[in-house]
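K.L.:
Sequence:
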Amino acid sequence: MGTTSFLTRARGLLRIRNQLVRECLAELLATFVMIAITLSSAAQKITFYQTKGNILTSYLGSALGVMAGIYTAGGISGAHMNPAFSLAMCLIERFPWWKFPIFVAVQTLGSFIAAGAVYILYYDAIWHYSNGTLTVSGPQETASIFATYPADFVSVANGFLDQVIGTGVLIVVVMGIMDTRNKAVPQGLDPVVVALLVLCIECCMGANCGCPLNPSRDIGPRLFTYLAGWGPEVFRWVEGRGRGGDGR
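All residue numbers for the sequence shown refer to the UniProt record's numbering, where the first residue is 1 and numbers rise by one.
If a hint is listed, it holds; no wrong ones were tucked in.
Simulated DEER-style distance windows between Cβ atoms: (1) T133 <-> S5: 53 to 61 Å; (2) Q19 <-> E93: 13 to 21 Å; (3) N18 <-> T133: 44 to 52 Å.
Honestly, the hints are just simulated from the structure, not real lab data. From the three backbone atoms N, C-alpha and C, an ideal C-beta is built for every residue, glycine too.
Given the sequences, and given the hints that come with them, work out the whole structure.
P.N.:
Written out as structure tokens, the structure reads:
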């Protein structure tokens with residue numbers, strides 16, 4: 001009885017009543033969960049020389065990460081986790097414009113924190129695999145664990161078009177899933193359907209650039225690698241970088 005009363009009082013004291021703060025914290029947590037799972041699947045594949053994973057497990061990890069993120073905060077913030085989706089919601093007037101920059105900042109922060117968590121989780125593996133040198137190119141590069149890099153032959157224009165088309169397909173189909181005039185997804189299974197959509201796009205459009213489909217998913221971890229020791233090369237196009245779309 002005493003314990004129950006204490007927990008009730010603690011919940012009352014810790015309860016966040018400001019709706020915007022609640023939404024931001026939920027969005028931060030959802031993005032963190034999604035990116036932590038996504039990057040961990042890539043880290044496991046790369047640092048263990050593909051003995052503990054392959055390109056398919058990496059794609060599955062990122063798709064299931066999206067599902068986990070939506071289940072984490074979909075009922076509070078909507079679990080956008082992607083500035084492109086937030087922008088689309090603003091354009092159809094289902095999300096206020098004044099919240100857009102706030103959500104973009106929160107999504108980027110969540111991605112940055114997730115990158116730090118994955119770096120800590122795989123710290124020994126990363127340093128062992130890279131022979132003590134954090135590089136962006138070459139056979140032992142590890143930057144592609146965190147951010148996506150285009151294949152060597154992909155031009156800037158082709159890479160830009162690749163992301164416009166891939167992200168466009170993602171947003172259009174998600175909007176179709178949300179449209180009540182279309183065939184309804186069974187209640188509670190929307191995150192599963194979105195995860196299958198992400199997996200489908202990755203399998204079909206992932207080779208050129210690694211299929212990020214999400215500005216915050218790339219910018220947050222890329223900023224982390226810049227600060228963590230990989231240096232300014234993470235922002236440059238480098239011929240012979242190595243993995244291309246396989247780097248997820």
